[in-house]
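Colleague: Each chain, written out:
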Amino acid sequence: MDILGTLTSFYALIPVTIAQSLIVAFVVLGVMLPFRILNFPDLTSEGAFPLGGCVCGTLITMGVNPFLACGVALICGFLAGCTTAFIHLRFKINTLLAGILVMTMLYSINLRIMGRTNIPLFTYDTVFTILAGSSANVSWVKILIVGALIALVVGAMLYFFMSEKGTSMRAVGASPDMAEAQGINVGIATILGVGAASALSATGGSIMVQTQGFVDVNMGFGILINGLAALIIGEAVTGRQSILRQVMAPVVGSIVYYQLISFCLTLGLAPADLKFATGAFVLLMLALPNLRKSGGSTQIREKVRE
Amino acid sequence: MTTDMLAVTGGTKIFYRGTPDERRALDGLNIALKPADFCIVIGSNGAGKSSFLNAVSGKLPLDSGRIKIDGLDVTKLNAHRRAQFIARVFQDPMIGTAPTMTIGENMLLAELRGKPRGFSYGLTANRRAKYREQLSELNLGLENRLDMPVGLLSGGQRQSLSLVMAVSTRPKLLLLDEHTAALDPRTAKLVMDTTVRAVEELHLTTLMVTHNMDHAIKYGNKIVMMDAGKVLLEIGPEEKRGITVPDLIDRFHTKSDAIALQGS
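If you read the sequences in order, they're chains A and B. Note that the first sequence covers residues 1 to 306 in the working numbering. Note that the second sequence covers residues 307 to 570 in the working numbering.
I should point out that these hints are in silico values taken from the structure, not numbers from a laboratory. We treat Cβ as the ideally placed atom computed from N, Cα and C, and that holds for glycine. Hints are supplied without guarantee of correctness; some may be wrong.
Derived lysine to aspartate or glutamate pairs resembling EDC-like cross-links, with alpha carbons at most 16 Å apart [to be verified]:
{"no.": "1", "chain 1": "B", "residue 1": "LYS421", "chain 2": "A", "residue 2": "GLU164"}
{"no.": "2", "chain 1": "B", "residue 1": "LYS546", "chain 2": "B", "residue 2": "ASP533"}
{"no.": "3", "chain 1": "B", "residue 1": "LYS478", "chain 2": "B", "residue 2": "ASP343"}
{"no.": "4", "chain 1": "B", "residue 1": "LYS524", "chain 2": "B", "residue 2": "ASP553"}
{"no.": "5", "chain 1": "B", "residue 1": "LYS528", "chain 2": "B", "residue 2": "GLU544"}
{"no.": "6", "chain 1": "B", "residue 1": "LYS478", "chain 2": "B", "residue 2": "ASP490"}
{"no.": "7", "chain 1": "B", "residue 1": "LYS340", "chain 2": "B", "residue 2": "ASP553"}
{"no.": "8", "chain 1": "B", "residue 1": "LYS365", "chain 2": "A", "residue 2": "ASP177"}
{"no.": "9", "chain 1": "A", "residue 1": "LYS165", "chain 2": "B", "residue 2": "GLU484"}
Here are the simulated distance ranges between beta carbons [claimed, not checked]:
{"no.": "10", "chain 1": "A", "residue 1": "LEU284", "chain 2": "B", "residue 2": "ALA431", "range": "38 to 46 Å"}
{"no.": "11", "chain 1": "A", "residue 1": "LYS92", "chain 2": "B", "residue 2": "THR315", "range": "27 to 35 Å"}
{"no.": "12", "chain 1": "B", "residue 1": "MET454", "chain 2": "A", "residue 2": "ILE188", "range": "28 to 36 Å"}
{"no.": "13", "chain 1": "A", "residue 1": "ALA277", "chain 2": "B", "residue 2": "ASP499", "range": "41 to 49 Å"}
{"no.": "14", "chain 1": "B", "residue 1": "PRO341", "chain 2": "A", "residue 2": "GLY147", "range": "55 to 63 Å"}
So these bits of chain B aren't anywhere near chain A, every CB distance computed over 10 Å [to be verified]:
{"no.": "15", "residue": "GLY324"}
{"no.": "16", "residue": "ALA342"}
{"no.": "17", "residue": "ARG394"}
{"no.": "18", "residue": "GLY402"}
{"no.": "19", "residue": "GLN440"}
{"no.": "20", "residue": "PRO491"}
{"no.": "21", "residue": "LYS524"}
{"no.": "22", "residue": "GLU545"}
{"no.": "23", "residue": "LYS546"}
So here's chain A without its partners, still in its complex pose:
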């Protein structure tokens, strides 16, 4: 195999991959928030991501301002997340099942919104053409725009989770009984938190369709596992000891994960095998703590207690 050729093509793909990973970072943030902060394993992102894309794309073809279209997509995602949380809280349905229900129903909704399975957007103005004109398709321009946005979102999340309100939302995930005893409305915090997470995923979808130039109703397939894999890699890099590390993990993880994927593909991994490889990786990472001999982490705890 031509090693130099492989490395060259991998190197050439780096900017494109970074741009893509920054967009998916929104979804990874949307996976992290319910899963890690609220202790509410949620699958809604798999439906909220294409929902954001469909809503935004359809509105753009109708001549709506792309910024406004993104805003509407965000609100739709928020409502989808709120629905999942409400189903869980009101009817005591398992969080994962509630997510699957919403995700499945969203597929029909997405098709209804679009009226067909895909819409090309190449000829329309997007957020990127408005901000960058003719250089909108240059990878570094996309990285700059999406990077600035993600920095803003991460900064806002970080501040929020250290604020009075954000601390109480974290308490809901850490110990619901304690949160309630401290006067926190657990139901409202859960609904708003899961809603915000799906709003992030939908925002990711609305940006994705504008960079790739088309909307496809199947664009969400597998995005959740990609997000989970990225989150786990990110946490392995940054750790989870502080809220700063926890909020940075999705972005770092997304960047590392997509470079790894790109590297595997240039090495000759068949794209068809990608989902299996990702799934196997997530399984391995989730199973790892139980594969190790028990007591490893408790020993450390005992030490700190001294």
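Since chain A is already given, all that's left is putting chain B on it; use the hints.
Modeller: Chain B in isolation, oriented as in the chain A frame:
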């Protein structure tokens, strides 16, 4: 006459109503506490002690009856709304604190109990200084570990922290649900001493559930003995002075025998 700090009248809660498993957890319960009363609640398992505490905290909505705190009817308020009046220490040290959050963040959650929470920064320098001072009274060194996750503390340390969190806001009502039962004797004594000191210094109206008869004798100014969701026996401040464990057990049996005779 002063207003009762806590007044439960006719508190009734029936589980599985209308089925063969029907169980009256609370059966027309009447209890009144004056401000700064330290009331010990005793009774066998299933007597309704926990249901009583849960009904007061709002976790268990009553089927009928009323609950007033400092004259205000809270019967219809949710648990999180009642938290502005009530602080609670649970039996399980794992429940009373948020393990993945730091000591400082837990103190912040307690300080804002029942108050509006805004978007301003939480752990300000002022607050950190205040928490250090409050925690230093425990003499456990927790004041130097504000940024340590609570999950790394021992059960006794967590329970002591829960207690500081509960009393620091001077709640109208302090609920202690067998809060030393899960601790070793030495730690239990430490937590109990801290409890008594805080309750007396701050004149907190307190309800303490316990299975420990010695504690029931030694602490508090009032004993309430529960059975089958009712108050079986109430021992006031005058009577409580000089009472011994055998007295208490004797009176418990006399009373339940009398009821058994009436029933037959």
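Colleague: Output the indices of the hints that this structure fails to meet, ascending.
Modeller: Of the numbered hints given earlier, those the structure breaks are 2, 6, 7, 9, 13, 17 and 18, listed in rising order.
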